[in-house]
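So you can see what is in the structure, the chains are spelled out below.
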Amino acid sequence: MKNISTLVYYDLKRFWILRRIIILSVFFVLAVLLSLLPLTINLPNLKIELNFNTILQSVLSFFIPVFVLMFTGGIISNDIRSYYLRTLLSRPISKEEYLCSKYLFSIINLIITTILFAIIPTLIGLYSYQANVNLNIATSLITYIFYLIEGLLFISISISLSTIVKGYFNIFILAIWIFLESTLINGILSNLVSFSKPLAIFSDFFFPAGFSEAVKLLDTHSILFYESIMWGLASLTFFVSISFYQINKINIDANSD
Amino acid sequence: MIEIENITKTFKKYSKYPIKALNNASCTIGHNKVYGLIGANGAGKTTLIRIILGFEQQDSGTISINHKSNLLIDTKKLIGYQSDLPYISKSVKLIDYLKMNSALAGYNNNDSQIDEYLVKFKLTGSYTKSLAELSKGMRQKAEIVSAFIGQPQIVILDEPTAALDPIATLELREFINSKRNTGITILFSSHHLSEVEHICDNVLLIDSGQIHKEFEMANIEKGALEEEFRKFITEQN
Numbered sequence: 081m082k083n084i085s086t087l088v089y090y091d092l093k094r095f096w097i098l099r100r101i102i103i104l105s106v107f108f109v110l111a112v113l114l115s116l117l118p119l120t121i122n123l124p125n126l127k128i129e130l131n132f133n134t135i136l137q138s139v140l141s142f143f144i145p146v147f148v149l150m151f152t153g154g155i156i157s158n159d160i161r162s163y164y165l166r167t168l169l170s171r172p173i174s175k176e177e178y179l180c181s182k183y184l185f186s187i188i189n190l191i192i193t194t195i196l197f198a199i200i201p202t203l204i205g206l207y208s209y210q211a212n213v214n215l216n217i218a219t220s221l222i223t224y225i226f227y228l229i230e231g232l233l234f235i236s237i238s239i240s241l242s243t244i245v246k247g248y249f250n251i252f253i254l255a256i257w258i259f260l261e262s263t264l265i266n267g268i269l270s271n272l273v274s275f276s277k278p279l280a281i282f283s284d285f286f287f288p289a290g291f292s293e294a295v296k297l298l299d300t301h302s303i304l305f306y307e308s309i310m311w312g313l314a315s316l317t318f319f320v321s322i323s324f325y326q327i328n329k330i331n332i333d334a335n336s337d
Numbered sequence: 187m188i189e190i191e192n193i194t195k196t197f198k199k200y201s202k203y204p205i206k207a208l209n210n211a212s213c214t215i216g217h218n219k220v221y222g223l224i225g226a227n228g229a230g231k232t233t234l235i236r237i238i239l240g241f242e243q244q245d246s247g248t249i250s251i252n253h254k255s256n257l258l259i260d261t262k263k264l265i266g267y268q269s270d271l272p273y274i275s276k277s278v279k280l281i282d283y284l285k286m287n288s289a290l291a292g293y294n295n296n297d298s299q300i301d302e303y304l305v306k307f308k309l310t311g312s313y314t315k316s317l318a319e320l321s322k323g324m325r326q327k328a329e330i331v332s333a334f335i336g337q338p339q340i341v342i343l344d345e346p347t348a349a350l351d352p353i354a355t356l357e358l359r360e361f362i363n364s365k366r367n368t369g370i371t372i373l374f375s376s377h378h379l380s381e382v383e384h385i386c387d388n389v390l391l392i393d394s395g396q397i398h399k400e401f402e403m404a405n406i407e408k409g410a411l412e413e414e415f416r417k418f419i420t421e422q423n
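Quick mapping for you: the protein sequence lines, in order, are chains A and B.
Counting from 81, one number per residue, gives the positions in the first sequence under our numbering.
Counting from 187, one number per residue, gives the positions in the second sequence under our numbering.
Honestly, the hints are just simulated from the structure, not real lab data.
Glycine included, every Cβ here is placed at the ideal spot set by N, Cα and C.
Taking lysine-lysine and the BS3-like style, the derived pairs with C-alpha atoms no more than 30 angstroms apart in a straight line are:
{"id": "1", "chain 1": "B", "residue 1": "Lys306", "chain 2": "B", "residue 2": "Lys263"}
{"id": "2", "chain 1": "B", "residue 1": "Lys308", "chain 2": "B", "residue 2": "Lys365"}
{"id": "3", "chain 1": "B", "residue 1": "Lys263", "chain 2": "A", "residue 2": "Lys93"}
{"id": "4", "chain 1": "B", "residue 1": "Lys279", "chain 2": "A", "residue 2": "Lys93"}
{"id": "5", "chain 1": "B", "residue 1": "Lys276", "chain 2": "A", "residue 2": "Lys93"}
{"id": "6", "chain 1": "A", "residue 1": "Lys175", "chain 2": "B", "residue 2": "Lys263"}
Calculated from the model, a selection of chain B residues having no Cβ within reach of chain A, i.e. all distances over 12 angstroms:
{"id": "7", "residue": "Arg366"}
{"id": "8", "residue": "Thr368"}
{"id": "9", "residue": "Leu379"}
{"id": "10", "residue": "Glu402"}
{"id": "11", "residue": "Asn405"}
{"id": "12", "residue": "Glu414"}
{"id": "13", "residue": "Thr420"}
Model the full assembly from the supplied sequences, consistent with the hints where possible.
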């Protein structure tokens with residue numbers, strides 16, 4: 081555990097350099113300013129009621145894949161290319177500890193950025209819209225946790241890809257993966273998928289959206305809610321296992337003679 | 187002590203031209219000595235080092251360090267390694283790199299040793315610079331420092347003088363001499379015979395994946411290693 085925390089600490093230090101902090105701070109300020117826009121416009125009082133949880137779902141479903149792409153692109157392959165992994169593994173740490181540190185690093189970044197760029201601007205935006213907001217903290221917290229686990233699932237896919245493909249190419253593949261899930265599988269082929277059981281299993285497993293599906297069914301307490309969680313967990317286990325299998329097969333000297 | 191027994195490693199096994207990098211290589215690297223590893227390009231020096239460090243898995247044979255497998259984490263705690271391919275990063279400062287290496291070696295709050303080595307290797311003026319800002323020679327010095335950080339019992343130096351200027355080379359020689367009597371075993375891989383001759387107690391000659399000869403420098407006259415090496419090459423041809 082000590083090695084993992086050391087690796088995460090230095091990874092965060094390596095990532096959050098001044099230039100990146102400034103750029104993201106500018107984006108954060110922009111997001112807050114945009115959220116405050118409704119206050120400056122004389123909006124008619126429509127007396128509408130907004131459900132924070134529904135808004136949170138749509139915000140997180142957009143931001144989480146984007147942030148995962150940002151933080152995990154080339155996460156392993158770049159460490160191999162720059163000989164960083166070689167340096168680390170000459171020390172008394174295992175490949176598994178290294179991989180755990182990458183998961184922890186990615187999830188910490190995901191929490192920081194979703195709070196800064198998704199949750200805080202959404203809350204400010206709702207306040208400035210002066211609408212009646214239906215806010216249930218417990219439900220919103222569960223929604224957030226479910227989306228974070230879905231983020232972890234995307235992280236595991238990205239890390240698995242990063243142990244297979246070189247450089248930043250895994251961002252491209254993951255982006256296509258997510259795009260296929262949202263368009264082809266959930267859109268055009270959704271009817272086909274619902275008619276064919278093997279196709280349904282294939283799409284649920286390889287294009288997982290179990291946890292975000294479960295959030296939508298949170299209030300129903302139906303069997304589908306638990307089924308979605310199980311699909312999510314199955315996919316998560318599958319891709320995490322692939323990443324651990326691959327890291328043990330990886331050639332850390334791939335770039336040397 | 188490193189015991190290497192009948193190590194064989196073949197790359198591209200199933201291709202038309204498999205590369206036998208190591209072919210039943212065996213040797214024992216004793217305590218408290220500086221060992222040189224010399225050989226031509228492609229002789230198997232780097233592959234042997236990679237296998238000792240666990241970067242590569244041998245096809246057959248065993249390696250033990252102090253009678254334990256080289257792959258155990260506890261065994262890795264005994265080893266310091268200077269890579270011939272240094273890590274270069276714009277976002278990592280030299281001081282952070284050394285602190286990280288120290289922490290991973292199990293030595294947190296090791297500032298006094300880091301400071302001592304920074305002074306010794308004349309890196310004090312660069313400790314806040316990023317690794318990418320350092321010159322090639324300075325990067326190599328940083329790698330050497332990180333190999334000696336903590337209290338390693340075995341230090342593996344892979345071409346440590348390749349990018350060093352003559353003064354830094356002499357300083358490294360003095361530094362290794364100072365470490366010689368502290369119980370550290372050093373394995374020193376190099377192409378420069380004169381350097382190996384000056385620094386090492388024993389020299390292993392590797393060729394075609396086999397360790398052909400071990401010279402004890404105490405039994406060889408100054409300057410004779412080159413002659414011995416030349417003789418060996420002529421015999422092989």
